[in-house]
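Student: So you can see what is in the structure, the chains are spelled out below.
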Amino acid sequence: MRRKNGIVLELNKNRTLFMMVLPAILYFIMFAYLPMAGILLAFKNYQYNLGIFGSPWAGLDNFKFFFTSGTGFIVTRNTILYNFFMLITSHGLAILIAVVLTELHGKWFKRVSQSIIFLPYFMSWIIVGVFVYNLFNDETGVLQTVMKALHMKPVSLYSLPSIWKYIILFFNSWKWLGYNSVVYIAAIAGLDEECYEAADIDGANVFQKIRNITIPGIMPTIIILMLLNIGRIMRGDFQMFYQIVGNNGQLFNATDVIDTYVFRSLINSGDIGMSAAAAFYQSFLGFFIIIFVNFLVKKYNKDYALF
Amino acid sequence: MSASFESARMLRDRAQIGARRSGAIVVFNILGYSLVSVAALLCLIPFLMVISGSFTSDHAISNYGYSLIPKEFSVKAYSILFRYPEDILRAYGVSIFVTVCGTFLGLFLVSMTGYVLNRKDFRYRNVIAFFFYFTTLFNGGLVSYYIMMIRYYHLKDNLLSLIIPGILNVFYLIIMRSFMSSIPEAISESAKIDGAGDFTIFYKLILPLSKPALATIGLFIALEYWNDWYNAMLFITSNEKFPLQYMLYNMLSESESISRISATANVNVQDMPTQSLKLAMAVIATGPIIFAYPFVQKYFIRGITVGAVKG
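Chains as they are written, first to last, in our numbering: chain F, 1 to 307; chain X, 1 to 311.
This is chain F alone, in the form it adopts within the complex (with noise of 0.2 Å):
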């Protein structure tokens, strides 16, 4: 009785703040909570007319069916590799690329070049759709010019799905290289300035200063950053994977990840029932790994931590 009492003296008293935060209450509520209640869809034969709530029960059918298809496998082992090795490749390049830039000395080089390196990241996936389709189409791609400008047989890459995961990391690499590198450099410009004179007066040339003080120094930055993007690791960049691939069917098995499987099984066949099996287990996979590296992340440094 007293607690309920002093939740209303708060508002009360914090009238307007209350109703300051109100409207971004009610938008999660509304589009973020209430969607929620369709996970029950993933256990329900959804049918239109009856709404999510008035459908019949289906058990585990949906799940079943999106397992036993093998489906559910392969592109559960897509999202988890693609996101491992994406992480790998991206970071490392940005990286590379922010500590080769800041010990660098041509100033002029170095504004103009870190911002040409940023520019895709402006850009939207269709773009990169654009590029894709101009490198690699069958008829007047780049790839396609090459090869006949040396005599080889040309050769569709789009009977090749073994080539697209490469065509996939670098482009996702590419993208976000301006991003992250400036993570990196702005990690770096936080370093302690002190232990490079120190390292000056001592002798070390610039691989060694850059093997002994800038990598150990930025090593928290990249430890978190990991920890936090394997915290994403069940979702999938859906815009890139839509975009680079299309509607190539024949790629399907090598680059389908869970969020282009649920859309297309929700757009072309509309099957709702196991489009929202796949999310559910998407999202409880993804909940529960979260969890799991906040307690690393905790365990490593409890500043660093989520909640």
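Read the hints as simulated data drawn from the structure, not as lab findings.
The structure presented is a predicted model; accordingly, all values stated were derived computationally and were not measured.
Don't take every hint at face value.
Claimed, not checked - The list that follows gives simulated cross-link-like pairs (lysine to aspartate or glutamate, EDC-like), each with its CA atoms no further than 20 Å apart: (1) X/Lys-120 / X/Asp-194; (2) F/Lys-13 / X/Glu-185; (3) F/Lys-209 / F/Glu-193; (4) X/Lys-120 / F/Glu-10; (5) X/Lys-71 / X/Asp-271; (6) F/Lys-209 / F/Glu-194; (7) F/Lys-148 / X/Asp-58; (8) X/Lys-71 / X/Asp-87; (9) F/Lys-165 / F/Asp-138; (10) X/Lys-76 / X/Glu-86; (11) X/Lys-120 / X/Glu-189; (12) X/Lys-298 / X/Glu-224; (13) X/Lys-241 / X/Glu-224; (14) X/Lys-241 / X/Glu-254; (15) F/Lys-13 / X/Glu-189; (16) F/Lys-13 / X/Asp-121; (17) F/Lys-13 / X/Asp-194; (18) X/Lys-192 / F/Glu-10; (19) F/Lys-153 / F/Glu-139; (20) X/Lys-192 / X/Asp-121; (21) X/Lys-71 / F/Glu-194; (22) X/Lys-156 / X/Glu-240; (23) F/Lys-148 / F/Asp-138; (24) F/Lys-107 / F/Glu-193.
Unchecked claim - Take a look, some chain X residues computed to stay more than 12 Å from chain F by CB distance: (25) Phe-73; (26) Pro-85; (27) Leu-89; (28) Tyr-92; (29) Asn-158; (30) Ile-183; (31) Pro-184; (32) Ile-193; (33) Asp-198; (34) Pro-208; (35) Lys-211; (36) Pro-212; (37) Glu-224; (38) Ser-238; (39) Ala-263; (40) Val-269.
Quick reminder that beta carbons are idealized off the backbone N, C-alpha and C, glycines included.
Take the given structure of chain F and dock chain X to it, following the hints.
Tutor: Chain X in isolation, oriented as in the chain F frame:
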């Protein structure tokens, strides 16, 4: 004698270390400058190719492929697109409307919410912050979101369905909150003693002080709206409500949209420069970003550094 010998050896050692060091610097500079140059070229060349391709005749593209400098210069693609520019202008209008409305509404909500979450005397701020944060950990998935938007909120083919999804984002709330924690609390307190209401304090005092954060987050939001095609693909069905990026996407993926252009521009479908038309559309859809790019880049860098770790 021995002292001068000692110092001579020291000098020689110093010189050796210096030589080794300058050798390392030369090697590092060669490697470093070439690495960064290659990376920058890889980031630049695709854009140059798209621009060049949009000014090349289709004949040259299908015979020689794409090149960095147009083999046969032609503005046919642009002249066809702009012969009857209604479609493109309308798509521009939709994109601009969605971007402007979404950015202003979003900034207002993000800053107002961020301010409350930072007010130490608001007792439930941490509970509410976690209530927001939880939505990034767990979500209902695309299917239920889609059904909610269409069946319960009736937002199919409504421009609101393009604006709503990007308006509030927990990441921006975190950036805003951490920026506002750098504004001295004494400002709010003394204004309160002078009898100002909470909203007045926020609107008249805090908002003007938050200009750097507003600029940075505003750019993040605006870029997201401008580049969005996904929400249009999910929710928009009628041509006249297509934003620019989705119009481009349709031109790339559906041959009907090319024939629709050929009908409005009175050009035979066989004579349409299909390849360069797509590239010209890509240039048109990206145009404003390229022009704004040099001015906005530094704000993005600021935002990324603030939100770097707590993403």
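Student: Work down the list of hints and note, for each, if the structure agrees.
Tutor: Going down the list of hints, with the structure as the test:
1. X/Lys-120 / X/Asp-194: Given that 20 Å is the threshold and the Cα spacing comes to 19 Å, the pair holds.
2. F/Lys-13 / X/Glu-185: 18 Å, holds
3. F/Lys-209 / F/Glu-193: Within the cut-off at roughly 12 Å; holds.
4. X/Lys-120 / F/Glu-10: 13 Å, holds
5. X/Lys-71 / X/Asp-271: 19 Å, holds
6. F/Lys-209 / F/Glu-194: 12 Å, holds
7. F/Lys-148 / X/Asp-58: 19 Å, holds
8. X/Lys-71 / X/Asp-87: The hint is violated at about 30 Å.
9. F/Lys-165 / F/Asp-138: Answer holds: F/Lys-165 to F/Asp-138 is near 19 Å, not above 20 Å.
10. X/Lys-76 / X/Glu-86: Status holds; Cα separation ~18 Å.
11. X/Lys-120 / X/Glu-189: 11 Å, holds
12. X/Lys-298 / X/Glu-224: The given pair, whose Cα atoms are some 17 Å apart, holds under the 20 Å limit.
13. X/Lys-241 / X/Glu-224: Holds, at about 18 Å.
14. X/Lys-241 / X/Glu-254: Holds, because 17 Å separates the two Cα atoms, which is no more than 20 Å.
15. F/Lys-13 / X/Glu-189: Given pair F/Lys-13, X/Glu-189 holds - Cα atoms ~15 Å apart, limit 20 Å.
16. F/Lys-13 / X/Asp-121: 10 Å, holds
17. F/Lys-13 / X/Asp-194: Holds. F/Lys-13 to X/Asp-194 sits at ~17 Å (cutoff 20 Å).
18. X/Lys-192 / F/Glu-10: Cα-Cα ~17 Å, so holds.
19. F/Lys-153 / F/Glu-139: Holds, at roughly 13 Å.
20. X/Lys-192 / X/Asp-121: 12 Å, holds
21. X/Lys-71 / F/Glu-194: 55 Å, violated
22. X/Lys-156 / X/Glu-240: 14 Å, holds
23. F/Lys-148 / F/Asp-138: 12 Å, holds
24. F/Lys-107 / F/Glu-193: 19 Å, holds
25. Phe-73: 17 Å, holds
26. Pro-85: 20 Å, holds
27. Leu-89: X/Leu-89 is indeed farther than 12 Å from all Cβ atoms of chain F, at 20 Å.
28. Tyr-92: 15 Å, holds
29. Asn-158: 14 Å, holds
30. Ile-183: 16 Å, holds
31. Pro-184: Non-interface label on X/Pro-184 holds, nearest chain F Cβ at 18 Å vs cutoff 12 Å.
32. Ile-193: X/Ile-193 clear of chain F: closest Cβ-Cβ about 16 Å, beyond 12 Å.
33. Asp-198: 4 Å, violated
34. Pro-208: Holds, since 17 Å exceeds 12 Å.
35. Lys-211: With a cut-off of 12 Å, X/Lys-211 remains clear of chain F, as the shortest Cβ separation is near 19 Å.
36. Pro-212: 16 Å, holds
37. Glu-224: 10 Å, violated
38. Ser-238: Given a closest Cβ separation of 17 Å, the condition holds.
39. Ala-263: 24 Å, holds
40. Val-269: 17 Å, holds
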